[in-house]
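S.K.: Sequence:
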Amino acid sequence: MDLLEIMRQRRSVRSYTSANVSEENIKKILEAGLLSASGRAIRPWELIVVKNKDTLQKMADSRDHGAKMLEGADAAVVVIADGTKTDVWTEDCSVVMANMHLMASSLGVGSCWIQGRLRTSADACSTEEYLRKLLGFPEHYRLEAMLSLGMPEGGMALREVADVLWEKVHRETY
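Okay, so the sequence shown: first residue is 77 according to my numbering, each after it adds one.
Some hints here could point you the wrong way.
Claimed, not checked - Keeping only pairs whose Cα atoms sit at most 27 Å apart, straight-line, the calculated DSS-like set for lysine-lysine is:
no.	residue 1	residue 2
1	LYS134	LYS244
2	LYS127	LYS244
3	LYS134	LYS103
4	LYS209	LYS161
5	LYS144	LYS103
6	LYS209	LYS144
7	LYS209	LYS244
8	LYS103	LYS244
9	LYS134	LYS144
10	LYS129	LYS161
11	LYS129	LYS144
12	LYS104	LYS144
13	LYS144	LYS161
14	LYS103	LYS129
15	LYS161	LYS103
16	LYS209	LYS129
17	LYS104	LYS134
18	LYS127	LYS104
Claimed, not checked - Beta-carbon label-pair distances, calculated as ranges:
no.	residue 1	residue 2	range
19	ALA117	VAL245	39 to 47 Å
20	PRO214	LYS144	45 to 53 Å
21	THR196	TYR250	34 to 42 Å
22	ASP140	ALA117	31 to 39 Å
Hints listed in this document are in silico derivations from the structure and should not be mistaken for laboratory results.
Every value quoted in this text rests on a predicted model; they were computed, and no experiment measured them.
Glycine is no exception: its CB is placed at the ideal position from the N, C-alpha and C atoms.
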């Protein structure tokens with residue numbers, strides 16, 4: 077399958093079966109993240125893999141909405157970065173997230189990008205602080221996002237670029 081086909085089939089999957097994601101597939105997803113481009117090859121990111129069901133349940137409460145799919149996920153990857161290394165850590169981490177999201181899709185693994193940066197939990201604590209307390213990452217590390225992983229419930233049709241999207245392309249000038 078070529079990359080464009082993978083992009084056509086990629087979806088944010090929020091409902092998972094009880095089947096496990098194989099360790100081989102998790103490793104491939106992580107490798108896709110680790111191979112990501114970064115500004116000046118600094119690679120400020122760190123990845124925290126979570127499989128513990130109790131921890132995933134707690135992570136589902138890290139945002140006031142939009143993270144409940146973690147309750148049914150088999151695993152999650154939390155992407156953090158050393159914010160002191162570069163001012164483009166958010167962009168670098170976004171590339172990591174996108175690469176892992178696409179790799180998951182190519183393997184038939186469902187995934188959903190759960191934004192963490194600039195979000196708050198139900199108790200008005202920042203999602204970053206909530207996860208820092210739960211997962212123990214250092215104070216100078218910043219949270220970008222979480223990627224939920226699980227085997228998707230049901231299939232999804234391929235997506236095509238609709239005419240309305242092509243209208244967003246401009247050539248030479250706006």
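S.K.: Output the indices of the hints that this structure fails to meet, ascending.
M.R.: The structure conflicts with hints 1, 2, 7, 8, 10, 13, 19 and 20, although it agrees with all the remaining ones.
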